[in-house]
Amino acid sequence: LNLDQVDVNALDDSKQTPLHTAAGNGNTQVVQALISHGADVDLPDMKGRTALFLACCSGRTACVKELFQHNANISHCAHEGWSPLHGAIAAENVEICEMLIEKGAEVNQQMSDGWTPLHLACHWG
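Sequence positions in the sequence shown follow the UniProt record's numbering and run 1 to 125.
Keep in mind the hints are simulated off the structure, nothing from the lab.
In this text, all values refer to a predicted model and were calculated from it rather than measured experimentally.
Treat the hints with care, since some could be wrong.
Stated by the list, open to error - Result set (DMTMM-like, lysine to aspartate or glutamate): computed pairs, CA atoms no more than 20 angstroms apart in a straight line:
(1) K103 / D42
(2) K65 / D40
(3) K47 / D12
(4) K65 / E92
(5) K15 / E80
(6) K47 / E80
(7) K65 / E98
(8) K47 / E98
(9) K103 / D113
(10) K47 / D4
(11) K65 / E106
Unchecked claim - Distance ranges between label pairs, derived from CB positions:
(12) C122 / Q69: 24 to 34 angstroms
(13) N9 / L118: 31 to 41 angstroms
(14) Q29 / C122: 15 to 25 angstroms
(15) V6 / G104: 29 to 39 angstroms
(16) S75 / H37: 41 to 51 angstroms
(17) G48 / E102: 20 to 30 angstroms
(18) N9 / S75: 16 to 26 angstroms
(19) D4 / Q110: 35 to 45 angstroms
(20) Q69 / G48: 17 to 27 angstroms
(21) E98 / H76: 17 to 27 angstroms
All C-beta atoms, glycine included, are put in the ideal place defined by N, C-alpha and C.
Produce the complete structure using the sequences and hints provided.
See below:
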């Protein structure tokens with residue numbers, strides 16, 4: 001596949017790009033290739049989810065690291081105020097949580113229901 005002839009930011013019906021899919025599925029090589037060909041790392045889908053958010057929610061540590069290298073926005077919140085940190089906590093991935101906090105993720109960010117990352121951590125165990 002020659003990515004020079006493909007729109008790497010093409011949207012599907014849910015406004016997800018190939019980068020959303022690759023990051024959520026943990027395909028780091030595809031994430032790297034898409035970014036090197038101009039994929040927008042901060043483009044949200046119809047629910048406000050970015051590639052970083054999907055990688056965090058699915059516990060894809062290597063993809064999260066790759067997206068960090070390309071300055072993915074750690075503060076962008078998806079539908080109902082879910083941040084990447086909320087997603088990483090729901091995925092029960094301590095390593096991603098630590099990486100997000102080290103990068104400056106807002107640990108007191110409230111979702112629309114008022115829950116913070118700490119609330120989720122207590123809930124998910």
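Taking the earlier hints as the rules, which of them does this structure contradict?
Numbers 8, 9, 10, 14 and 16 - these are the hints that the structure violates, sorted from lowest upward.
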